[in-house]
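Keeping the supplied structure of chain C fixed, place chains F and A upon it in accordance with the hints.
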Amino acid sequence: MPRVMRTVWQALLLILGVTFVSFLLMVWFGPDQTYTLIGKNASAEQIAELRHELGYDRPFLARYADFLVDLSTLDLGASNSSGERVSRLLARSTPITLALMLPGFLLGNLLGVALGLAAAQRRGQWTDRLISGLSVVGMSISFLVIIIALQVLLSTPYGLNLFPVRGWQVSDLPSYLLYVTVPTIALLLVTLGYNTRFYRAVFVEEIGKDHIRTAQAFGTAPAVILWKHVLKNSLVPIITRVLFSIPLVVISGSLLIETYFGVPGIGKVTFEAITNGDQPVLKAVVALTAVAFVLIQLAADILYRLVDPRLA
Amino acid sequence: MAADQTLWKRLRSDPSGVAGLVIVALFLLLALGVWFGIIGQDWAAAAGGRWEPAGPRFWFGTNVLGQDIFERSVYSVRTAFEIGLVVAILSTLLGAILGALAGWYAHGWVDGTVLWLKGVLDSIPFYLFVAAVAYALQGEAWAMHLAMIATFWTGTGRLVRAEVMKIRTREFILSARSIGLPDALILVRHVLPNTLHILLVQGSLTFIAAIKTEVILSFLGLGIQHGVSWGLMLAESTQEVLAGQFNNFLAASLMLFALLMGFNLLADALQDALDPRQVAR
Amino acid sequence: MTALRKNLYLHWLTWVTLGCLVTLVACDYAPQGDASSQPGEDAELTVYRHAMDGAPTSLDPAQASNIYANFIAVNLFDTLYRYKYLARPYQLEPNLAEGMPQVSADGLIYTIRIKPGVQFIDDPAFPQGKGRALRAADFVYSIKRHFDPAVRAQGAWLWQGRIVGLDEWKESGADYDRDVPGLQALDDRTVQIQLIAPFPQLPHTLAHGLSAIVPREAVEAYGPEFAVRPVGSGPFRLAEFDSTRAVLLRNERFRSEPFNLTAEGFDPARQAGLGLEKLEDRIPPLTDRIEVEFIAEDAARWNAFNAGELDFVKVPVSQFDQVLMARDPPALRPDFADRFNLAANLESGFVHTDFNMDDQRIGYHPDPDQDARNRALRCAIIKAFDWPKRNEIFYYGIGQVFPGIIPPAAPEFDPNQDRSAVTRDLDGAQGLLSSYGWYASNLPVLEYGFTSSVTERQMFEQFRSFMADIGYPAEKIRALTYATYGDYARAYLNREVMLITTGWTMDYPDAENTMQLFFGPNATPASNNANYDNEEFNRLYRASATMQPSPLRTAMYRNMNDIVIDDCATISGISRRLILLWRREHSLLPDRSFVGGYFFRFVDVRPAAGSRK
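For the protein sequence lines, the chains are C, F and A, in the order given. As numbered in our numbering, residues 1 to 312 make up the first sequence, in order. As numbered in our numbering, residues 313 to 593 make up the second sequence, in order. As numbered in our numbering, residues 594 to 1206 make up the third sequence, in order.
Please keep in mind that the hints were generated in silico from the structure rather than gathered at the bench. You may find that some hints are simply not true.
Unchecked claim - List of simulated lysine-lysine pairs, BS3-like, C-alpha gap at most 25 Å: (1) Lys478/F to Lys40/C; (2) Lys209/C to Lys228/C; (3) Lys708/A to Lys677/A; (4) Lys209/C to Lys232/C; (5) Lys40/C to Lys763/A; (6) Lys982/A to Lys1069/A.
Just chain C, same shape as in the assembly (with noise of 0.2 Å):
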């Protein structure tokens, strides 16, 4: 009972901290939409009956306090820009990231997990110095590095022009993968390095551990080895470096794979309320992002649990 009750407490906490630190940067210090908003020609009149409709000229405290009233009441209110329902826009959104960063985070982590297994499996032989060395290059190159040239290379009648430059008009199997292959390549390329380079080492240590020895003294099959010991025994190191970086590649990554080829996602739509300084929306994105962070450390938490009987 106490342990679950100090988790809630922990998770309550954090939320606190990211609200207030968004709240801070993002709606005090963050850019005044007023100018975006005016149309030619405004008087000063207009302009500070245009702050007074956006809530620019009440105190501080007053603010946050309908921040955190609007979160718990979940009442996220309308963009001032579009003056779509937050709600709404959240829910169009969301499904699209997710459509799109989706294949090639997994696959991204799948083939990493492989590549990493291989190498580890034939440690110092030429299948691990090419796989290591790989992964280096992998590592060494600009996320924008990769865009531009894959666009270039498969999108262009400089290239192979055989993908749609941007845009998202998904409406059955065919046109998703024709929007979503050059996307998930990009994505692949970027994380693929820093996937196989991490399970190799985790896969290194796992194999070198005494137990994985005397199995192996034991006759077990290889096989078998692999699966029921040294997998299993990753499960962990694993879970956590997949569930700790969703909220870096999917949301991060999200933002430039979406402005860079034009996807209407949450990335893309964060983004632009940033530099508008659209509050409504910001506070959304950011409260709920807190929420999922939140979230998934419990999950994690709890596959811990199921996976490790050490730590249940």
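Quick look at chains F and A alone, frame taken from chain C:
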């Protein structure tokens, strides 16, 4: 001293590590050259025609304004080092201090606060945080650096905390405490030096992350405001590749790749050389 | 036992995760619940795929001040007037109105009749979901909205201080049920506007998307969401809208007005070969479906056009070399000329760099000697500016450089005016600097503001290199960068920027629209970014503001232009020439100027080429 000698010996015997070190050293020389005004000073002048091809006068050709791509690439080495060094050193330092404090007073309120801070910073999506800081500082030149330092310290902090928790129980620490040495002194003179292997590796990894982040931020318009960087060159090149002009793109990408590759190799070699388990063996 | 349980949990977890993923992905290709995508129709649907280099955030006419929102708004809603599709120079003509307005002798009362039988589209906001007939009261309501602070409208400046009783209506609480004496619906089809002083540009303002007519029921039903759920009476209705595209569908209930070539100003000499002749007597809108893609990135837009995903494109400057084989007049290369038609239109605006006259380092100074020195400095900077090079690098040399503030798009433009203000004169510049005691050591630091995009930065660097040629030290020319245009606007509207580079898009073809940019009382936060204030100019402005177009008024405008040039208040200016390409098999004359979005209804698409890939 013996540890240093071992480190150097181990590094020297690792060919890829040596390669990395050499590459980084070369780039560092370029950066120093720019700092001291010897090379890369003509990055702003629109001296040539538009999109001149590579030739004896302009080694990498010119961009759309007629600026020398070679000069701009070299100046960008300085920008990269500035950002990389500032962010790497300060964030590693911050991470070391906060991590050590957290580990030393583990499970106390100091530790709780530091962990909470880490959790908060990790929860906010990175580019959102940087953009927000950039606005909060009204476009100050250091906004980007501050934002990076504020988020990158957590990685180092986490590792240092774990290490300090282990060191805390070692005999020589226990004896230092029983003599009555103040905590601060113990931390600075005995504990932190034993985390150096972590700090070195983390520092080099942060350097890499800082440069990569600056590239993307400059592309988004949130990066450096004065001078030139590979990120800005890549942003320019997105227009130019459309017109079939690849010089700007290739120059920036290849130099960026070379520096990152060098640093990655070096970081790897450092990690292998400093791995306490291998050193102990 | 434990191991088995663990296995089970893992397997369960795996299947649940996979299930979630599949569901999520499946959600994305659920068909859009829309009456438009019925299976049988697709085969015969004509589609026109347009691309804009920016995105509107709101489709509410009250917020249609930028060109992108305006484009879409005039297709979803009706305005009283519009511009003739084909007539150049641009000419006003009735859209929703029955004829040009009846104006009283003193020019203060405008009476406008609205065409009969105009219907709003069906929408749940109306009783029984059926769209009702549009009434004059709707026009009154739509204009009132601009004066209601809760609407956050952007068009008040067009009618502020001009319509009797409207400002008072706002002061006393913006109650829509209260009448405004100067804005009346005399009956269901008659609008009467009473002005405080003559306002010759009034009909032009009624052709702007900001004046488009909205139904009160829908606005009240949807609140702020009306901006993404528009309900209008225009030739199209909205099927989809997000930050990457908008899809417009033909409004079946749009009033039938057969197309008439002569009425639209067709010029057989200059507009032959576009396939427009065969549109005669057909009833707009001529296309079933219009997909407007918002692609700000030049690279992506050009690639999409080349890959056949678009029917129209505004060609990015970096591609002009590839596309054009001659510049003056612009002509397409043969491989492009086979497939595409070309329109090389001057934009309806111009780009200029103003000096902040309110800043004593460069502008007005209480001490007359220093004031003269500042003026000399400004004039020297203007003389050092290399317009041909600016034109060449950023506008491919086909932009039109002109002196002063009357751009070529304005009817009052003088093609024969003296061009010394845009001719580089390094000797003259240096002479000015030395005679007024300016040296490298005492020159002020110039703070040049711009948003941090690649092109803007390059323009700054080019400016700095221009100044280097008269000995202006590079360290004394500093960049003030802003991450977004909103930030930049905040800065210059608060007078924090010394050199302000902006582009102004004209709202109507009348130079009054650019003259007001230098009218003293219009100082920031209004549009006079230069904070220019000249007594003679102000006097002439006030006098000409109530005059109908005439040679006398044109002479006054040109006089005012000379005053601004003489005071060296601005480095001005250049109008970009846009290269517009579209597929030859489609019949249209696209426009990004005053006709703007109004041309969509006249686009005729050859079905075979227009159907989706």
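Evaluated hints:
no.: 1; hint: Lys478/F to Lys40/C; verdict: violated (64 Å)
no.: 2; hint: Lys209/C to Lys228/C; verdict: holds (14 Å)
no.: 3; hint: Lys708/A to Lys677/A; verdict: holds (18 Å)
no.: 4; hint: Lys209/C to Lys232/C; verdict: holds (14 Å)
no.: 5; hint: Lys40/C to Lys763/A; verdict: holds (19 Å)
no.: 6; hint: Lys982/A to Lys1069/A; verdict: holds (22 Å)
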